[in-house]
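Modelling step: build the complete structure from the supplied sequences, incorporating the hints.
Protein chains in written order, with my numbering: chain A, 118 to 286; chain B, 11 to 401.
Note that these hints are calculated values from the structure, not bench results. Only a predicted model underlies this, so the values are computations on that prediction, with no experimental measurement involved. Each residue gets a CB set at the ideal place from its N, CA and C atoms; glycine is no exception. Some clues are possibly wrong.
[Stated by the list, open to error] To give an idea of the interface, some chain A residues facing chain B are shown, with a C-beta separation under 8 angstroms as derived from the structure:
(1) Gln150
(2) Tyr153
(3) Tyr190
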Amino acid sequence: MRPASDQAPTVPTVLSALDQVEPRVWKGAMPVQFLYTAGAAGERFFQTLKRKGVFVVTRCEECRLTYLPPRIYCERCFADLSETWREVAPVGKVHTHTLVHVDRQGRNAASPTLVAFVRIDGTDGGLVTRLLEIAPADVRIDMPVELVLAPKRRRRGTLDDIIGFRNRR
Amino acid sequence: MKRKPQRRVAVIGAGMSLFMRRALETGKELSYYAASQALETAGVRLKEIQAVVMATAPDAFDGVHMKGEWLLDGAGGVRKPYLRAYVGGGSGVFSIISGWTLVASGLFDLVLVVAEEKMSSCQPHPQGAFLTIFDHTIERPLGPNLLWIFSLEQHRYMATYGIRNEDIALVSVKNKRNALDHPVAQVAASLTVKDVLASEVVAWPVHRLMVSPISDGAAAIVLASEDVARRLSDKPIWVQGVGWSLDTSYWGNRDLAYPRYVERAARMAYEMAGISEPRRQIHVAEPYDPFAYKELHHLEGLQLSDKGKAPEDLARGRFERTGELPTCPSGGLMGVGNPIAAAGLMKLCELFWQLRGEAGARQVPGNPERGLAQAWGDLMQVGTVAILGVN
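So, in structure tokens, the structure goes:
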């Protein structure tokens, strides 16, 4: 048996050569795009918002839950909620908020985006949304806010109809 | 199998959504339709369900990453122990296996099992998502899709045993006709072998009408432990045996003419069910039929036909609804449709209704007492088998 050597063990030439280069790579993609539907509940939500500028919600009386976004079923008890529609005013409170400095590619965004989760009054849900017409330093938790919708003629029945929320006047 | 499980598990309810080309409903909503129907027929409230299994195939079909979690509320899994069962196309039958383990182990007494797929989301075609299931170095540069594999496999199957394409086209004829009696069916039709072979060739020898469609849909069942099943149900249908097995991921290293992984899965299930003569002891079968030849291929792997002889058995009427061993009396994937995971569980829903004598116009005669459902998938290498019976 050889004594422990103070020299590095000999590495075969081929292996050491491979070790020193970056592995070769090639590119691939999953070539798919998607067509989504809003669903039975989602379609009614967006069509009502487009037409009337209010939110529609569904309610489970047994579980005392008002769903926004609306569902056709109660996720706790599976009650059929498809006949429990009601409308609520598009107002709520800032439940939490953040100021986003970095975009999806990890780069610094030109201007930070003010984003909040707004709980809608009279519901057990809410929406992630942008906060408008306010300096980040002025936003407070539980601040009352109201919906800012696109002009009626520009609404398409999608999330983009919601421009954001602003301080309630 | 190390040891036989001691705790018996029964199916006590089943439900399905429509199978269709493009649903307005989201995958969550489709799941709710199937799951709530299964609960209703079982006489069980969601609050009594102790755990939920959701089977759904690749995320890229619905276009929702981590869609198992996303589907949670539609499957009734909110605030419950919940798991996603996933072996690709084999997921539908794997879902009952997963649910069965949760009950047979003694962990739970009432488990809801749901399966969903919304493939119409995937554009321009789900084949784009299938591309990346191939090895990125030795296969993908050729731009393969599933049709390549199926047509190569079907051709090898035909060449090995001297099978004609006419013999295989008969599967499409039988299943699409059976589906005429299924209220949720998407592609039921009354066709002839000539019609099938007149449809365009998608990849020779596979013609358009020998391929199942792209589908949206959901299916669900309720599983119960023995005591609970006897309390809740007059006609519990027992899970007598389950089995599954995966062959090598290298499709070139598999036997293309014969699905050994299906044989292994079936043997495990037969052993558990105490079945020594499957051809005599299985009264109705739902083999997996995403492509016409696959039903025949799988029947051989399941030991329900001799190797290479399933086409002859089919031609002489053995697999008709009134035949000696009715196969795919539901109409199968070729007739009812193929929302991947939901299609597999649809087969178990069909067995539940057949064994309870509740299949209506689809009912096979002779009061069947035992049925088998099988699915296949992952990287074309998994066999999943479940055997249900009236006692």
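Taking the closest Cβ pair, is Gln150(A) under 8 angstroms from chain B? Check passed: Cβ of Gln150(A) comes within 5 angstroms of chain B, closer than 8 angstroms.
So, Tyr190(A) near chain B? Judge it on the closest CB pair being under 8 angstroms. Status holds, d = 5 angstroms.
Under 8 angstroms, Cβ to Cβ, is where Tyr153(A) needs to be relative to chain B, so tell me if that hint holds or is violated. Holds, because the Cβ-Cβ distance from Tyr153(A) to chain B comes to roughly 6 angstroms (cut-off 8 angstroms).
Of the numbered hints stated above, none is contradicted by the structure.
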